[in-house]
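J.: Okay, here's what each chain looks like letter by letter:
There are 2 protein chains.
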Amino acid sequence: MEVKANGPNDESGRIPDGPTKGRIPDGPTNPMVTPLLTDLYQFTMAYAYWKAGKHQERAVFDLYFRKNPFGGEYTVFAGLEECIRFIANFKFTEDEISFIRETLPGSCEDGFCDYLRGLDCSEVELYAVPEGSVVFPKVPLLRIEGPIAVVQLLETPLLNLVNYASLVATNAARHRFVAGKTKMLLEFGLRRAQGPDGGIGASKYCYIGGFDATSNVAAGRFFGIPLRGTHSHAFVSSYMSLDEIVEKSLQSSDGSSSCEDFVSLVQTWLDKIKWSNSLRGVFVETNQSELAAFTSYALAFPNNLLALVDTYDVIRSGIPNFCAVALALSDLGYKAVGIRLDSGDLAYLSCEARKFFCAIEKEFGVPGFGKTSITASNDLNEETLDALNKQGHEVDAFGIGTYLVTCFTQAALGCVFKLVEINNQPRIKLSEDVSKVSIPCKKGCFRLYGKEGYPLVDIMTGENEPSPKVGERILCRHPFNESKRAYVVPQKVEELLKCYWPGISGKAREDLPPLKEIRERCIKQLEQMRPDHMRRLNPTPYKVSVSAKLYDFIHFLWLNEAPVGELQ
Amino acid sequence: MEVKANGPNDESGRIPDGPTKGRIPDGPTNPMVTPLLTDLYQFTMAYAYWKAGKHQERAVFDLYFRKNPFGGEYTVFAGLEECIRFIANFKFTEDEISFIRETLPGSCEDGFCDYLRGLDCSEVELYAVPEGSVVFPKVPLLRIEGPIAVVQLLETPLLNLVNYASLVATNAARHRFVAGKTKMLLEFGLRRAQGPDGGIGASKYCYIGGFDATSNVAAGRFFGIPLRGTHSHAFVSSYMSLDEIVEKSLQSSDGSSSCEDFVSLVQTWLDKIKWSNSLRGVFVETNQSELAAFTSYALAFPNNLLALVDTYDVIRSGIPNFCAVALALSDLGYKAVGIRLDSGDLAYLSCEARKFFCAIEKEFGVPGFGKTSITASNDLNEETLDALNKQGHEVDAFGIGTYLVTCFTQAALGCVFKLVEINNQPRIKLSEDVSKVSIPCKKGCFRLYGKEGYPLVDIMTGENEPSPKVGERILCRHPFNESKRAYVVPQKVEELLKCYWPGISGKAREDLPPLKEIRERCIKQLEQMRPDHMRRLNPTPYKVSVSAKLYDFIHFLWLNEAPVGELQ
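Keeping their order, the protein sequence lines are chains H and R. In this text, residue positions in the first sequence follow UniProt numbering: the first is 1, and each later residue adds one. In this text, residue positions in the second sequence follow UniProt numbering: the first is 1, and each later residue adds one.
If you are wondering where the hints come from, they were derived from the structure by calculation, not from laboratory data. It is possible that some hints are incorrect.
Identical chains blur together in the list; that is why a pair holds if it fits in one copy or across any two.
[Claimed, not checked] Derived lysine-lysine pairs resembling DSS-like cross-links, with alpha carbons at most 30 Å apart:
| hint | residue 1 | residue 2 |
| --- | --- | --- |
| 1 | Lys371 | Lys498 |
| 2 | Lys436 | Lys355 |
| 3 | Lys274 | Lys429 |
| 4 | Lys248 | Lys429 |
| 5 | Lys429 | Lys355 |
| 6 | Lys272 | Lys429 |
| 7 | Lys543 | Lys91 |
| 8 | Lys390 | Lys181 |
| 9 | Lys51 | Lys248 |
| 10 | Lys183 | Lys436 |
| 11 | Lys451 | Lys355 |
| 12 | Lys51 | Lys335 |
| 13 | Lys436 | Lys390 |
| 14 | Lys371 | Lys516 |
| 15 | Lys355 | Lys181 |
| 16 | Lys274 | Lys484 |
Using the sequences and the accompanying hints, generate a full structural model.
T.: Shown next, in the form of structure tokens:
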């Protein structure tokens, strides 16, 4: 079996631009995303539909979630491009058809294999909220229409491609919200992610949610995401002493001169710092293996020294060693980037580091040294970022891994895929739990904006109802609570669902924007929300509603389908 | 860029047998697992090592975790085969090398690209605990030796491949423990998994941890895992009435006769049940779209009817409808499999269903009908399984998804990768948090068994110390707590680390066993543990120790490296 990885479109590994109208998009980034990446019951159902001659009946399914994650009141929708790449290339190979034939229980008729052989998504239409949008419970993220058998086969892969993507993008957005706009946020989660493309997906969708860069080289190549990273503790402890450094010369930044013994220059600076007026007594002997590691790294990357300073002792070894190397680099016209703290009290240590840097700037007259960058990276999450803010800190960049990429506080988003119409007949899924009752009908979905420019409410309407109009009063009803309703006069009306896969309907296809545009959309949408929906503690729920007509219809259908109880 | 998916070894999609001695294993199952699937800092470090002429220095790294997950006292090790597939095929393409050259900060020398071009894992040796073993904190799961630059490049992918694999296998084992040996456990998590191969990985490693089957067709094909699944709520609600069923005939199981109107046969049975002595009054009118769906499914799969009975009302509609169809099938010599419950009070509903089935068996004289299988599948996890056990239930099979595959209660295992020796010099990583101090030296690792056949303690020794011997008393010391120590006279000694990748050392290579053997090993190892280590509440920690000699050496090195404080 040979499959193609379709991540980068060209040799350079640059971000794919997405298909233009009419062009078939490339296949999924992960070549394991095939039509077999689905639950067996989709095939048994497809067979049963086919056997009953029902497989071509036109069905409409909504993909939506019921509850915002992480105790918040918003969600970022992501994963759409991979969904479109999947359905655009949906086609069974002969090997796959043989496998299904062997796997289906009982005797599978040849005709079904022929049916699978001819199957693609040309008769499917997919409508979606644009990727990177802020979205809310119950409102469809995707509406998929088509022959029931093929749309069922799509259920599991679409859920898989949207669930984690949206969850981790939302998590990233929440981390960005707490960290604030000015901080650099780095995604460092690959090693702890749930499998290889858990890592690659995390890098992509955290970037959409507002992160600035990733450590994951494969994601950098697939998606053009900026890459960051310098060295680990192992690098530091792999050195024993400065004697190990054989090649000691370093050319100046402008190439005009050369320092023959950079190691001695570093040692001279370390001595100057040690006996300086303002820093005298802060440290005695720094760790020499650490000093050797920083010096060696600086010789390899004189313009990019970002030193991990906590292998032995941050204040008494790591920071002085870094400063000695940074000042030696400065003599040669290079500017060190900064330090990384990976343990201990990050608020305290970052403030001490800042003081140290400012003292150096003053004492040795090195302009800008006080602003040397401080990165922190030890098991960070929303709570620890919030605590750091409250304590006060001097961190410029945060490297966040485990909690971000595995969505530790809530590891799954519960998107579901529900039949809402078949053969133009609306369908409802009942449940004793009202929050699990589905909203029937092929629906239009709109976001209504108020006078202050904030989104006020999302409203779902029956497909044939007139759309809400700017300046026209409309009644918005809670779908299940009859007493909750409000009139709205929208200042702006946004239709949420756009056509990303028209099939053979002849409709225009929305472009899939490049990753950077998706990220910008996300950032802009988050900024546009009313602040009380966004706060971490007790956020106000955003309102999701249905039209009066749809409300009446839901409840008519519900009464119609639910059995009448008999108390005994 | 073209990459090959190497999951199935042959057309049939059967489980790969693993390489035999001397053969190069196939590449990783997920073709996205390439040498670029690593953190950028591995490349910057490799460059700095290369630039310092240090890249060939021989280093030893341990991969281990510090704490068992899920509040338990054991972990199942998994992911080894994928690690070996990865290192066996570790090789850069020209595209990848160009990407690294563009990505490294500053000017990357040509010599480094030449170095990468020639790089593979032939000089690397990898020792590991066999996959499917029960393992404990601090003891290396993998010990990797080789030139420091290449072993650093392996760090992130090896962690990625082991972390989630071991976490989810452990989660599966814990679910199996609560469910008991006799229940069928089905993994249903694909739609909620963290990305496509989060789903595929979950299916593989849950199978290792003791699950019986998966719904994930791709995983079935890649790994030969048994597949299960029948139909969803959408299938039920896609039908409106029995009139939709056009092709109503069904041949008997033995082919001797044919029923021309299976629909009428079903209706007749529903009437008989309704007015039977023991079931009279249980239900009035069942839902006809549900009855049509079950009937249609039975016509497609007469030997495999497993009906989802909770779309409308379990007791008053789903179960009677299923029984009517099952009895009609029985008339034709077929045996229905059973029902699935996906909502409501599973303990109560399963008991009611069992009563109903037993009443049918008695009333209509259908032998075995009382034993009709009951599957349950609504947001199940360890806690709900435990609660069901306490309440009493009649469930035969559990379908478990979200909580299992995303490891909801703890979404990450914190495996780390620490340098323990370079150029034959032991290295230690210090930390103010004692649990984070690494155990230095290239070590031997042994499991010592007691008289009753249970494992008693794991012990790590310096590489050149004699191995523990059966019948010989040995002192086992806690690595960091001087007062915790015990003499042990082992009845059996098992060397834990085996050579799975000898590189060019000429050592014999352990076979990678087929998946089923890994699963059997896991089940056997779990059964072999002393019960108090395994219980859900307050389990006894299993002891992990070091030899007296290694203990002394750790503490000598620690004092040597740690700076002496100065109180001011």
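J.: Are the hints correct? Go through all of them and say.
T.: Results of checking the hints against the structure:
Taking identical chains as interchangeable, the C-alpha atoms of lysine 371 and lysine 498 are never at most 30 Å apart, the minima being 46 Å within one chain and 51 Å between chains. In the homo-oligomer, the alpha carbons of lysine 436 and lysine 355 lie at most 30 Å apart only across protomers (28 Å), although the nearest pairing inside one protomer, at 56 Å, exceeds that limit. In this assembly of identical chains, lysine 274 and lysine 429 lie within 30 Å of each other by CA distance solely across copies; the values are 26 Å between and 73 Å within a copy. Only between protomers do lysine 248 and lysine 429 lie at most 30 Å apart by alpha-carbon distance; the minimum there is 27 Å, versus 73 Å within a single protomer.
For the identical chains of this complex, lysine 429 and lysine 355 are inter-copy neighbours only, at 27 Å across copies versus 62 Å inside a copy, given an alpha-carbon limit of 30 Å. In this homomeric assembly, lysine 272 and lysine 429 come within 30 Å of each other (Cα to Cα) only across copies, at 29 Å, whereas the closest approach inside a single copy is 75 Å. In the homo-oligomer, the alpha carbons of lysine 543 and lysine 91 never lie at most 30 Å apart, since the shortest distance is 40 Å inside one protomer and 53 Å across protomers. In this assembly of identical chains, lysine 390 and lysine 181 lie within 30 Å of each other by CA distance solely inside one copy; the values are 16 Å within and 51 Å between copies.
Proximity of lysine 51 to lysine 248 under the C-alpha cut-off of 30 Å is restricted to the inter-copy arrangement: shortest distance 11 Å between copies versus 78 Å within a copy. Taking the shortest alpha-carbon separations for lysine 183 and lysine 436, only the inter-copy value of 29 Å comes in at or below 30 Å, while the best intra-copy value is 40 Å. In this assembly of identical chains, lysine 451 and lysine 355 lie within 30 Å of each other by CA distance neither inside one copy nor across copies; the values are 47 Å within and 61 Å between. Taking identical chains as interchangeable, the C-alpha atoms of lysine 51 and lysine 335 lie at most 30 Å apart only when they sit on different chains, with a minimum of 20 Å there against 72 Å within one chain.
In the homo-oligomer, the alpha carbons of lysine 436 and lysine 390 lie at most 30 Å apart only across protomers (27 Å), although the nearest pairing inside one protomer, at 39 Å, exceeds that limit. For the homomeric pair lysine 371 and lysine 516, the shortest alpha-carbon distance inside one copy (29 Å) is at most 30 Å, but the shortest distance between copies (58 Å) is not. Taking the closest pair of Cα atoms, lysine 355 and lysine 181 come within 30 Å of each other only inside a single copy of the chain (24 Å); across copies the shortest separation is 62 Å, beyond that limit. Taking the shortest alpha-carbon separations for lysine 274 and lysine 484, neither the intra-copy value of 70 Å nor the inter-copy value of 42 Å comes in at or below 30 Å.
Checked against the numbered hints listed earlier, the structure breaks hints 1, 7, 11, 16; every other hint is satisfied.
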